[in-house]
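Student: Protein chains in written order, with this note's numbering: chain A, 1 to 301; chain B, 302 to 552.
Read the hints as simulated data drawn from the structure, not as lab findings.
Hints may be right or wrong, so weigh each one.
Said to hold, decoys possible - Covered, in the sense of this in silico footprint (three residues per stretch, anywhere, with C-beta under 8 Å from a C-beta of chain B), are these stretches of chain A:
id	segment
1	117-128
2	174-184
3	206-218
To be verified - In silico contact screen, one side only, chain B against chain A (beta carbon under 7 Å); selected entries:
id	residue
4	Leu383
5	Gly384
6	Gln392
7	Thr395
8	Phe477
9	Asn489
What the hints assert, rightly or not - Examples of chain B residues toward chain A, derived with CB under 10 Å:
id	residue
10	Thr396
11	Gln453
12	Ala548
What you are looking at is a predicted structure, and each value in this text was computed from that prediction instead of being measured.
Heads up, the beta-carbon is just placed ideally off N, CA and C, and yes, glycines get one too.
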Amino acid sequence: MNTRISFSWQLLLTLLAAALLVLAAACGGDDDDDDGGDDGGATPTEDGGATVEPIDISGVPELADGMLTVGSDIAYPPIEYYEEGTQNATGLDIDLMNALAEALGVDVEYKQVADFAGIVGDLTAKRYDVVMSAISITEERQAEIDFVPYFGPAGTGVLVQAGNPEGITKIEDLCGKAVGAQVGTIQVDYMNEFNKGQCKDNPIDIKEYPDNPTSVQELGLGRIAAQLSDDPVAAYSALQSDGEIEVAVTGFDSAPYGIGVRKDSPELKAALEAALAAIRDSGVYDQVLADWGQEDLAYQD
Amino acid sequence: MTLALEFDFGVVREYMFNDVILDGVWTTIQIAVLAQLIGVVLGVLFALMRVSGNRALGFAAGFYVWFFRGTPALLQLMILYLGIPRMFDNQTLTTELTAFRAAVIAFGVNEGAYMTEIMRAGILSVEGGQMDAGKSLGMTQLQAMRRIILPQAMRVVVPPTGNEFIALLKNSSVAFAIGLVELLGAANLIYSVNFNVMELLVVAGIWYLAITTVFSIAQAEIERLLAVSDRERPLTLVSRVLDLMAARRPL
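The following block holds chain A by itself, in its conformation from the complex (with noise of 0.2 Å):
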């Protein structure tokens, strides 16, 4: 009896220490999957850079190890989205990015965020330096954090199925109807206020879904009449449905993209702004738009 119970604890234990060594391998695993996306985002791009005088950034406490860790809620394409069956960041803002650290002298880190609505707490939390994720500056966000901008402003674009089946052209079209889009987005506020405005006697169903893939393939299956986002994703989105989906409205409302930066890290707002300048000033910027088709969304104050 003894030897059955101890052999039975052996095997408890073999089996526990089996587990442990498969977590163990997992998280090692983990590493290794985050040091080879560092690899490949923090890639710079190769676009002439080399004139731009170097910045200084002894000042800021954030780069001091080198390293620009910026959260992003990466399922936003083209602005930012993993490239096709890989952990490989890319799109406008990272390209972007790329080329601001390559300025500042400093690798970048991409960090998928949990959830873009909490995307401002994140930084204010300290969990990453900055936030850069086709962030449109409002009023809202700027009482928490600050914001370096640097496209735009970019439009929202409605989407809208195949032959435009609800006929909808402009925004009054859109009161009554099912409407989606993501949770926290600037296009929930505008919708928000159509509700207390145009729509006030038929106010928009706003449907708001945790990312805006789900939010297009909602509309691909006809659940909702129309879909927001911003102008050059809506775009991408209607390219990528093989005649799914159509813009059917572009370019209403608007507010620029900001990098989001904490308040109390003004050394690297100002370190930020410098690089802009420097890459704005050697093409480098003007460059990366036209990598992605976005002249238009370059900035204007």
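Go by the hints and put chain B onto chain A.
Tutor: Then chain B, alone, in the frame of chain A:
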């Protein structure tokens, strides 16, 4: 270094009974109750199939448990809500399959797999001799099952079922992935606008605790009703209150 605690109880109070939160609470309760009902019905059905001795029925039930217990509920929900409508391309199906209905069905069928095992354990807990006794009185196997075995199995089945139900209440929060605004999703919508993340998470937490507390009390009452002897009759909130009232009654 200073330790600054930023927490605004005013925000918690303000949103505790906010309409979006209350809608989320109601949605969460509805999903859990309906899915648990589906789970119990499927559980009884498939457990009977498993113990029936019929190999085809037993295999079908075994496959059901294997599949639905072996894949995440969220995966099953996404297959049902996003994947299947794409396969069939039928607008009526897609429109009628709302996020809420999809969640009830997916969680219900998933729950059924766990309930099958719980029901099977309940049936096995009743001595085999009782089935023979029933048959010797002229009952068919199904009659004996319904009149003798299942009523006794129920007592064994209630505590783990209560566990399952409470797990379901909490796990329904993953349905926000398909845009269903249940309790946690409601908190998410609000903090996405006002950035009071911790406060809204606390609001959601308080509500989850409140709901699970109410249902735990209800579970104890059900156990008391089903108990056959005083030995296994648990003291419950209601029974304690009744005892107290009886003790104070003058002789």
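Student: What are the numbers of the hints the structure violates, in ascending order?
Tutor: 5, 11 and 12
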